[in-house]
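With the hints as extra help, turn the sequences into a complete structure.
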Amino acid sequence: MKKNPICEKKIFESIFNEHSTSLRNNMYYKCGDMDLTEDIVQNAFIKLWLNCEKIIFAKAKSFLFTVANNNLLNHIAHQKVVLKYEQKSHCELNNQDPQFVMEEKEFMKKLQNAINELPDKQREAFLLSRIDKKTYNEISEIVEVSVKTIERRIHLALLNLRENLGDFL
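So in my numbering, the last one in the sequence shown is 603, and the numbering has no gaps at all.
Check the hints yourself; a few may be wrong.
To be verified - Dumping the calculated PhoX-like pairs for lysine-lysine here, alpha-carbon to alpha-carbon at most 20 Å:
no.: 1; residue 1: K568; residue 2: K518
no.: 2; residue 1: K582; residue 2: K567
no.: 3; residue 1: K443; residue 2: K481
no.: 4; residue 1: K568; residue 2: K514
no.: 5; residue 1: K567; residue 2: K555
no.: 6; residue 1: K518; residue 2: K493
no.: 7; residue 1: K543; residue 2: K514
Simulated from the structure, these hints should not be mistaken for laboratory data.
In structure tokens, the structure reads:
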């Protein structure tokens, strides 16, 4: 079996040299945070390297931009969850039973871990649906798959979350 050219160091370096600047600029334009941009770009190239056997050379740029965009969407969805939780007033938390507050924090941590453990496609569909309040049709247009596929991904995500959070439900 012939080795995929992307897996060769020199070819991968040329892909990096050719696309890293435009990918970095595109991600920075979308998020405005250079540290986050660098992380997203680095993770996209790592994912390309880890999947080099499966990606054809002609699709490398498309793969990088798709992975980077999905990583940015996941980060934004995560930040929305964090901000929503942080917006609870301290007065509200202070008036509650300390046991309840502790259990709530433990649940939120377990929920975040369970969401992070979902497969990428399930997590993306779940977060777009539950956090961004997108309809299945909107999600299918964003992700470029059928509505039935989105329904299935969200269904599987909910099953996985129920399984991982069983002791809290």
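Verification of the supplied hints:
Taking the CA atoms of K568 and K518, the gap is about 17 Å. The hint holds against a cut of 20 Å. Among the hinted pairs, K582 with K567 is consistent with the structure: their alpha-carbon atoms are about 18 Å apart, no more than 20 Å. A hinted pair counts as satisfied when its Cα atoms are at most 20 Å apart, and K443 with K481 qualifies at roughly 15 Å. Proposed proximity of K568 and K514 is supported: the alpha carbons are some 14 Å apart, at most 20 Å.
Under the criterion of a C-alpha separation no larger than 20 Å, the hint pairing K567 with K555 is consistent with the structure, at around 17 Å. The suggested pairing of K518 with K493 is violated, with an alpha-carbon distance near 37 Å, which exceeds 20 Å. At roughly 15 Å between alpha-carbon atoms, K543 and K514 fall within 20 Å of each other, so this suggested pair holds.
When held up to the earlier numbered hints, the structure conflicts with hint 6 and nothing else.
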